[in-house]
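Enquirer: Could you build the full structure based on these sequences and the hints that come with them?
Number of protein chains: 2
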Amino acid sequence: MKKYLGVDIGGMNTKVALVDENCEIISYALGDTPISGGPQAEIALIAEILKYLDISLDIVHSVGIGIPGPVDLKGVVHNPPNLNGWGNVGFKKLFTEYFKYPADSIYIDNDANFAAIAEYTIGSGAQADPMIMLTLGTGVGGSVLINGSPIRGENGFAGELGHIVLNPDGPRCGCGRRGCAEALISHTGIVRTAWEILRKDKGSIIWGMLDGEFGELSPKIIENAADLGDPAANKVLDITANYLGSLLADLINIFNPERIVIGGGISRWGDALINPARKIAVKNALKHLAKNVKIVRAKFYRKAGVLGAAIIAMKKHST
Amino acid sequence: MKKYLGVDIGGMNTKVALVDENCEIISYALGDTPISGGPQAEIALIAEILKYLDISLDIVHSVGIGIPGPVDLKGVVHNPPNLNGWGNVGFKKLFTEYFKYPADSIYIDNDANFAAIAEYTIGSGAQADPMIMLTLGTGVGGSVLINGSPIRGENGFAGELGHIVLNPDGPRCGCGRRGCAEALISHTGIVRTAWEILRKDKGSIIWGMLDGEFGELSPKIIENAADLGDPAANKVLDITANYLGSLLADLINIFNPERIVIGGGISRWGDALINPARKIAVKNALKHLAKNVKIVRAKFYRKAGVLGAAIIAMKKHST
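Here the protein sequences come in this chain order: A and B.
Residue numbers are given in the numbering used here: position 66 of the first sequence equals residue 66, and the series is strictly consecutive.
Residue numbers are given in the numbering used here: position 111 of the second sequence equals residue 111, and the series is strictly consecutive.
The hints are simulated quantities; they were obtained by calculation from the structure and are not laboratory data.
Hints are not guaranteed to be accurate.
Chain copies aren't distinguished; within one or between two, either way the pair holds.
[As the list claims (entries may be wrong)] Lysine-lysine pairs mimicking DSSO-like chemistry, simulated, CA-CA at most 27 Å apart:
hint: 1; residue 1: LYS51; residue 2: LYS315
hint: 2; residue 1: LYS51; residue 2: LYS316
hint: 3; residue 1: LYS2; residue 2: LYS315
hint: 4; residue 1: LYS74; residue 2: LYS291
hint: 5; residue 1: LYS74; residue 2: LYS303
hint: 6; residue 1: LYS303; residue 2: LYS287
Expert: So, in structure tokens, the structure goes:
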């Protein structure tokens, strides 16, 4: 049975998985993404993980590598914001040279596209057409699959769904605009909303839960406080669900998707956040478009990227 | 030389053009879209126009028909909001029965898709990939062409770019949400913005230009007043350019388009509106996406729909 390697380079860690033709993970490990040394240090880390897993690239039919940033149509990485010292990098070339592995068996893409492919092929995406994947984590990532393939745009950069403005008077986004989805419904955005509410609500039980460790405020704590009936936490939830619902309605109107899959850490906040957001989306989208859409939580969480990378390597290299 | 018929059914009038293989219009006429009698009355009008133009369908190779509303993948029209008494209509069947014209030579689609195809093939779209068409008129319509074909979505309804929310605190849109593009940068939206400004500015020269005929306030009058340096008119312009620029930035981030074509009556407001909106879009979109995009005015205005309808009839029926 042929074997495929999936690599998922993240801002925090790098995951590597060996996957078989049935999309089953044979072996898996992760290591800390180097904070210095750029792409060369990353290559060395991958070599180290492969050694630890006792994987020889001789037995690997093809390789998929996910990058947390823009990747153009030639596989060149463009200034990934969370990878120090990368700039514009022909990562495929580096990989080929270091491992003596054939370049035409390597597939490099944005991590959001790979996560979407994993959900589409063996997850909650159920091969829907179109399928939209929205990843709510540190940032907000996106990918739109039409007939199972990500829309690419002119240069390969399409699908930046986190940079749709939801409120022009909202907080400043890393991209420079105000009120992008990423500034409002990412981990960071939700925490920022919570601080705004908490500043005006000194009675919230969240203050006690933090016990002076203000850096510990997280969506998880807000969820717990909301479960306990805390009005401040529920307000954060309402605001976040409204923004997420509005983004989903926009996406329904633009793409007429069969299915929207919501992944990333925030998506685990299921009943309290995704359910109200789904209702808001269906109420707000145009009726003939809202009628049939399914909005579901992702099946995969940490392993979506490596699975998708291996699946693309498999699909591309068998055709 | 083969001949193709383009029909463009609008809320106000219905246009019919006979077009040759070089996309040249051989004959053209328009009539008032019937305000009652539904699709049957519309068929009768088309028959009347054909008689007036002395066109026999025997010489027509294929027919394209544009509808101002949702058309599904089977060509069924779904409740076009500006056509009285239509509901859900199998218009192709009606056309075939009335004219004894073969159903497989008739192509029915949303008018925005046809306008986009006209610009793509022989207009300002220059066969860009992806190309986005944004039509600013009474409403805001849209179409996204990937590799020259409109994205369809699950049911054929994709591309409702007028119903992306630009400001959640904005005015109520016809669709029920607040602050959709259609509620802000359509003809109606701009006039609404102008009234808000004028209410607070009794010194504006627009009051004199209207001379008590308040129903006459139009984007054209605002443009004229802005040309004369009226601060109120320039404020309307700024607000509108900001919203249009923000929508364009969203679309750049989502689609990584090669080209965005802006059509419809409002687009003729070129230097004063489109130029500042273009600058705002490029400044606000993600850098790697904004770099290469071209934002241009449409070549066609009133005849985009009939031309696109005839071109689709030509393309589809020759393959």
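Enquirer: Now, for every hint given, state plainly whether the structure supports it.
Expert: Hint by hint, here is what the structure shows:
1. In this assembly of identical chains, the alpha carbons of LYS51 and LYS315 lie at most 27 Å apart only when taken from the same copy (26 Å versus 56 Å across copies).
2. Proximity of LYS51 to LYS316 under the C-alpha cut-off of 27 Å is restricted to the intra-copy arrangement: shortest distance 26 Å within a copy versus 56 Å between copies.
3. Taking the closest pair of Cα atoms, LYS2 and LYS315 come within 27 Å of each other only inside a single copy of the chain (12 Å); across copies the shortest separation is 43 Å, beyond that limit.
4. Taking identical chains as interchangeable, the C-alpha atoms of LYS74 and LYS291 lie at most 27 Å apart only when they sit on different chains, with a minimum of 17 Å there against 39 Å within one chain.
5. Taking the shortest Cα distances, LYS74 and LYS303 sit within 27 Å of each other inside one copy (25 Å), while across copies they are farther apart (39 Å).
6. With identical chains, the CA atoms of LYS303 and LYS287 are never at most 27 Å apart, being 35 Å at best within one copy and 30 Å at best between copies.
Taken one by one, the earlier hints fail for this structure only at number 6.
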